[in-house]
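A.B. asks: As a plain string of letters, each chain reads:
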Amino acid sequence: MITRSIILQASARVLQPVILFFSLVVLVRGHDEPGGGFVGGLAAAAGLVLHAIAYGYDSARRALRIDTRAIAALGLAIVIIAAFAPLVFGDPLLRAEWATLPLGELGEISLGTPLFFDAGVYLVVYGSALTIVFSLGRE
Amino acid sequence: MSRARLARIPLVLVPAALAVALAVSAPSLVAGRAFERVLPWAPSAGLETALRLDALSGLFALIVCAIGALVAGYAGAYFDDDHALRRFDRLLALFTFAMLALVLADDVFFLYFAWELTSVASFFLIGFDHERAEARDAARHALLVTVAGGLALLAGLVMLSTAAGTTRISEIVARGDIVRAHELYRPAFFTIAVAAFTKSAQVPFHSWLPRAMEAPTPASAYLHAATMVKAGVFLLARFAPALAGTPEWTALVAPIGGITAVVGAARAIGETRFKPALAYSTVAALGLVTLLLGIGTTYAIAAAMLYVVAHALYKGALFLHAGVVQHQAHAKDAETVGGMARALPHSAVAALLAGASMAGVPATLGFLAKDLAYAALLPDAAYAPLASAFVASALFVAVAMAVAARPLLGPRRGIPDDVGRPPAWLWGPPLLLAALGVVAGVAPALVTPLVAAAASLVAARAVPASALVFHGVGVELALSVVTLVVGVAVFAARAHLRRAGAALSRALHLGPASGYEATMGALARVAKVQTRVLQNGILRVYTLVTLVVIAVVVAIAIAHAPPPDLTGALDDLQPRQVGLGAFIIAAALFAVIAAERFAAVAALGAVGFGVGALFLDLGAPDLAMTQFVVEALSVVVFVLAFRRLPRLPLLSSSATRSRDALVALGFGALVSALALAAARTNPDPSVSAWFLEQSLPAAHGHNVVNVILTDFRSVDTLGETIVVATAGFGVFALLRLRARSGEAR
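The listed protein sequences derive, respectively, from chains Z and F. Numbering-wise, the first sequence is residues 1 to 139 according to this note's numbering. Numbering-wise, the second sequence is residues 1001 to 1745 according to this note's numbering.
Quick caveat, the hints were computed from the structure, so don't treat them as lab data. Note that the structure is predicted; figures quoted are calculated from it, not measured. Note that the Cβ used here is the ideal one computed from N, Cα and C, for glycine as well. Any given hint might turn out to be false.
[Said to hold, decoys possible] Where chain F lies over chain Z, by a calculated footprint (3+ residues, C-beta under 8 Å):
1) 27-41
2) 63-76
3) 119-125
[Said to hold, decoys possible] Listed below are several chain Z residues computed to face chain F (Cβ distance under 7 Å; list not exhaustive):
4) Trp98
5) Pro114
6) Ser128
7) Ser135
Please construct the entire structure, taking both the sequences and the accompanying hints into account.
C.D. replies: Here it is in structure tokens:
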């Protein structure tokens, strides 16, 4: 029913991976700069929605390969695991656990449960937003 | 024995072992010792499961455990269906636990918890045959009354612990003088009394108990005769040292108990069916105990405690006997059967012994309790309590003869020819209970020490065990004899009395529970009207109601608050912010007047982007970023959703639209005023300063917004994540469902 625009399709093909990459950058840098899991997930969803507008929803669903609800569920599982993980170390629920990895010349990197937590949020938002859009977009 | 039946052996053995342990420890309880144990429950909320075993709780716990074991064994023979038995067992175990917790509780909130748990267990047991509407209605009736009483109890316990300054029951009881002098005494006493009256089926809350006879007979015997209904009496007894002795106590408790005794006994003689007749006489007995507690003299309290034991023994036995009759002979009406003694010999002995105790025939515990009650009430100048005790006792004689004795004796009629001999577990428990009532009547020393010790705790002064035994020949004995004679006369005239009673209640339109029915009917009508007006499923109405309510409430709050200082509120405004604001307002106006849906959506998106730009300008990049992406996605969602809708017709009248415009403008003005006022007030700066300081060292992050989301307030985020996922799944399910039902059509 939608007349496909060549320009839109061409730009979507280029933009989709860029947006996805950008959204991951937003996710990872969120702890220090503006960004985070919520906006990252939304941005990633927007990327696939662009694809859907250009090529149709069935094509976008096929391109994703995984069911959107499974993504949301996976995200929820990660969030809950990150929330309960501190209990294993004898700490209260949701206490952030940090580990510092030395990277030699490159300095060091701090890894902590908040990143996993945020990644879970990212997946939940991504999966849920796409679930809503795809449900509405069904023919 | 099937495996299912073997698996339930602990259900009998555990309470039996507890009962033995209690009986063994009884001498030290009698000596005044108390065993205390405090287990953590929710320490951060100041809640703990404080348990206390003293003579009073020990007496009730002994009844709970001993009868619990017998009823569990009885139920195994009573239920033919393994599935029903399993269901019953779980509820029985839940109830036994709840009832034990109730009597042993030494913390007011733990007491409340156990109290409501017994109501819930009772609800499920009354509605056990949940496929019958009568059982469901009766269960709901009992739940509504007892849980309403439970709420009163909660309020009362809170006030009581406030007055006493502790939640520990033993300490509240010890501070009786402080409690009685406290200004909260009256409301606390009143609410606790209401709770006790609902649970113990006192007038005017009594009608749920006879209806509770919809429960399986073992449950009726255990909950609605021997234990749970005594929880109200127990409550009064437990708190008597703190609450009793005031004019309020005497003025409320004794009359309610007296009225209940007479009303219950009169209703009992009006019933011909086994279980309702026994239920009404239970109401009367509870009234008698309440009356005695209300009188509050040493003898009266001793009589009340003795009555609790005597009643548990004979009423438990009679109910279990009624279950045997129903199970073996399928008879429900006591007037239509006769000569059952030959078919059910063991059970007949049990019923006759228990009936004798109920009638107060000498050499039974029932006689001793009645004798002591008369002894307690005689010296009083007030004749009303004595008269109600006399009337109730005389009617008990008649009920015992009508329900227990007469169906057993005489020529055989009204029962099938092939009545099988019941298994030992059906006749054993009632026989044991009935026999105990007679043994204790002959050798009262078996029970009097513990009963006297419990009465001492209730009366807050020593009650010697010797006070509880037979008083010898005197006015009391004469009165007992008169009671028996009058009772026999009532029994002989019961048919006439029933006709007169039925005519009277028809004339007064006082059917059972008519007040309850009227209340429930009114409730249903109110629910229907408010559903039609408020919960009609139209989203616009919900939105309108919500907005108007919020606006009115906030406006009232603002009107009562000191007017905020708005001078200089707009001084920091930059020209570009004013421009953005104008753009947002223009876009919003366009969204309202747009004739096309898509134009309206685009305008709404413009509003969102304008707000995002404002966030950016005010230095909130995180917020702005999220706002931009959300706006982009919501425009897509809107477009997708609108694609499915028909073309935009004008659905609302101009009157509706002006009303909506008025509400919208009013709400907008209110929110604007709130925002301005909020910007003027200085929130505690230490909060944001703390977050800024702690962000890097505590959470390894420079972005305070994200640190707050993922670390400091991550519980919020966890909840919101679940909300987002739920929304996604919800939309999916909703649209999938619509698509499916569309296909089906």
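A.B. asks: Does the closest beta carbon of chain F sit nearer than 7 Å to the beta carbon of Z:Pro114?
C.D. replies: Z:Pro114 check passes; min Cβ-Cβ to chain F is 4 Å, inside 7 Å.
A.B. asks: Per the CB criterion, is Z:Ser128 less than 7 Å away from chain F?
C.D. replies: holds, 3 Å
A.B. asks: Take the region 119-125 of chain Z, compare each residue's beta carbon with every beta carbon of chain F, and decide whether three or more fall closer than 8 Å.
C.D. replies: Answer holds; 4 residues pass the 8 Å Cβ test.
A.B. asks: Can the region 63-76 of chain Z be counted as covered by chain F under the rule of three residues or more with Cβ-Cβ separation shorter than 8 Å?
C.D. replies: It holds, with 6 qualifying residues against the three required.
A.B. asks: Cut-off 8 Å, C-beta pairs, minimum 3 residues; does the coverage of the region 27-41 of chain Z by chain F stand?
C.D. replies: Coverage by chain F holds for the region 27-41 of chain Z (10 residues, Cβ < 8 Å).
A.B. asks: Minimum Cβ distance from Z:Ser135 to chain F below 7 Å?
C.D. replies: holds, 4 Å
A.B. asks: Can Z:Trp98 be said to touch chain F, with a Cβ gap under 7 Å?
C.D. replies: It holds, given that the least Cβ distance between Z:Trp98 and chain F is near 6 Å, below 7 Å.
Taken one by one, the earlier hints all hold for this structure without exception.
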